[in-house]
Amino acid sequence: MKAAVTEWGPYLVLILVGFLPNEVWRIVGLLTARGLNEDSEVVIWSRTVATALLAGVIAKLILFSSGELANIPLPVRIGAAVCAFATYIGVKRSVFAGVIAGEVALLLGGFFFAR
Amino acid sequence: MSAAVTFPSSGAAYFSGVKSALLSVFSLVLMGTYIGMGALAHAADLSSGWLALSTMLVWAAPAQLIMISAFSTGGTLFEIALAVTLSATRLFPMVVALLPLLRGPGTRIRDMLLPTHFTSISMWVESLRLLPAVAREHRIAFCNGLSVGYMGTAVTSGFVGYYLAAGLPPLLAGVLLFLTPMSFFLSTVHNARMMIDKLSLVLGLALGPLLAYLGVQLDLMWTGIIGGSLAYAVHRVREATQ
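Listed in order, the protein sequences are those of chains X and G.
Heads up: the first sequence at position 93 corresponds to 93 in this note's numbering, and the numbers run straight through without jumps.
Heads up: the second sequence at position 147 corresponds to 147 in this note's numbering, and the numbers run straight through without jumps.
Hints listed in this document are in silico derivations from the structure and should not be mistaken for laboratory results.
Careful, some of the hints might be misleading.
Claimed, not checked - Output of the computed footprint for chain G on chain X, the stretches with three or more beta carbons under 8 Å from beta carbons of chain G:
no. : segment
1   : 7-21
2   : 25-34
3   : 39-52
4   : 55-69
5   : 83-96
6   : 99-112
In this text, a Cβ means the ideal position worked out from N, Cα and C, and glycines have one as well.
Next comes chain G alone, as it looks inside the complex (with noise of 0.2 Å):
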């Protein structure tokens, strides 16, 4: 690896974070997911207000989409709750796995606030990727700009989407809403060097919709357990045979 880069301040880190962000593929991919997303808001009779909000509270594009998808089609609370709740697990072992990575000497509880909240698919793979070459002291900084970077293209691009709607014709609303699986997709089989992380991947495409189709419950938490469980049980095997 070559050597971190350091920053004469925090702030500078901050806005270094802020342009990484902004100069990703991930922002075009936040812009085409939240355009879209507007458009469905739109459609659910929601205001642009709303989606505002739920982007800067929930933070999570598939739980948004549940959420405003359940406003249309309908479904009880307990229904919705319990959908969005299992798609929100992938979320704690992606906080397990950052925070090591963020945390130095001496950082406080209250430092890794911000990065546990802004945690979401986009900031994770960003973050694992860019943060290993950022001294450790404006990890936290860079990490934080990152996030606003993200979080403020996709408000943007929510209240866009959100009165561009009526002018949007279906297909191309099915395109936009391609966007979100596409580009999460690639950007996990770019970040998938390892044997371990590729096993994980594959596995993962194959058991979620396998065990969604034969209609296990809580699909999605099993496919997490069990796939990535197998890709760390043949990890483990490969290391104890070489």
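Just chain X, same shape as in the assembly (with noise of 0.2 Å):
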């Protein structure tokens, strides 16, 4: 387990560090959720924490990124996020036109400063 990833076979790696962890949770759920309503506390409590950790991967991605978005400054990406939200608000509760404003904003943003 001490090797780098890259020194096991990807499909290998693709099996035991993407498949199974995410399935193992699915697996736990399925069995958990068996004689649950979905009124119960523990569903609704469960609602409550995926919301959360769903939420803060969210705000991870977008405040500490990787890859080709990390070229692009934070200030930019905030400003993109905000954005978003402004016209998803003004524009009817549209999640279509505020990932669209997002986007632009953040193309535009990313034009005149990326790094």
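Put the two chains together into one complex, using the hints given.
Next up, the structure:
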């Protein structure tokens, strides 16, 4: 397990660290969910935990970006996210309009301020 | 709530699910996300077949992103496994929240295996939104159709991005990578109609980066547990006082 990921075959890595960790959580959920109904308190709590965790992933992807996105400065990324949210609220709660506005803002900001 | 939509057959429910997937904003999002992912896989010297297989087997964009970047930036197998396992913890409460919506009288556990494997952010958000309006006996077929529509879009887009990659300038690749957080953000906002969901969202947005910045171990897990439990507690207190 100490070896670098690149020393393992890509398909072995796919099964060991890609498929299995994800599938285990899904199966644990499947076994836990038996006998619960959608209004039960555990299910409501699970929804709040999943929503908070997902929100955490989203915020981290925007603030601590990797790959090509990391070349676009942080203020531009935050500004684009604010722009997307404002457009979503302003344009009849349209997710599509909001996403497009955020992407255009990021493209323009990235074009002028990219490192 | 309006009357539940019924279908003449399970096949019709399945295809209605496929259609809902292809017409939803999430397919545009998946196209962007997986075109970007294809570009990254190409840069990491992985094959396009590897990417397609990982989309079908892993079916979680954050986990795939972690894996693919590990091939280009390095890291031990253990580190990557831990990061992916933590990014996948969100799937557990998602499955727990989704399955009661799918289950009807006489539903067998093996009928739930496919929807369980298909559970991912886009499918989960749309299922929670659309399923209550679908007649209970057709929900599993509808949900499978929805998922196959999304997965097909993702696999196809991965190939497109992979072969576009050579010509894609870095700025556009960055813009494509931004599609995933942006669309997940706005769709979660869109679906958070109830106070308890809005609160979970806001707490998660604040706690996620904060705990990561503080270097807290297992930061995503704690973001979910602390943020979600706080929102849940506020909801219980409000209910008790009304």
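For each hint, the structure was consulted:
{"no.": "1", "hint": "7-21", "in the structure": "holds (count 11)"}
{"no.": "2", "hint": "25-34", "in the structure": "holds (count 9)"}
{"no.": "3", "hint": "39-52", "in the structure": "holds (count 12)"}
{"no.": "4", "hint": "55-69", "in the structure": "holds (count 15)"}
{"no.": "5", "hint": "83-96", "in the structure": "holds (count 6)"}
{"no.": "6", "hint": "99-112", "in the structure": "holds (count 7)"}
Comparing the model with each earlier hint shows no violations; every hint is respected.
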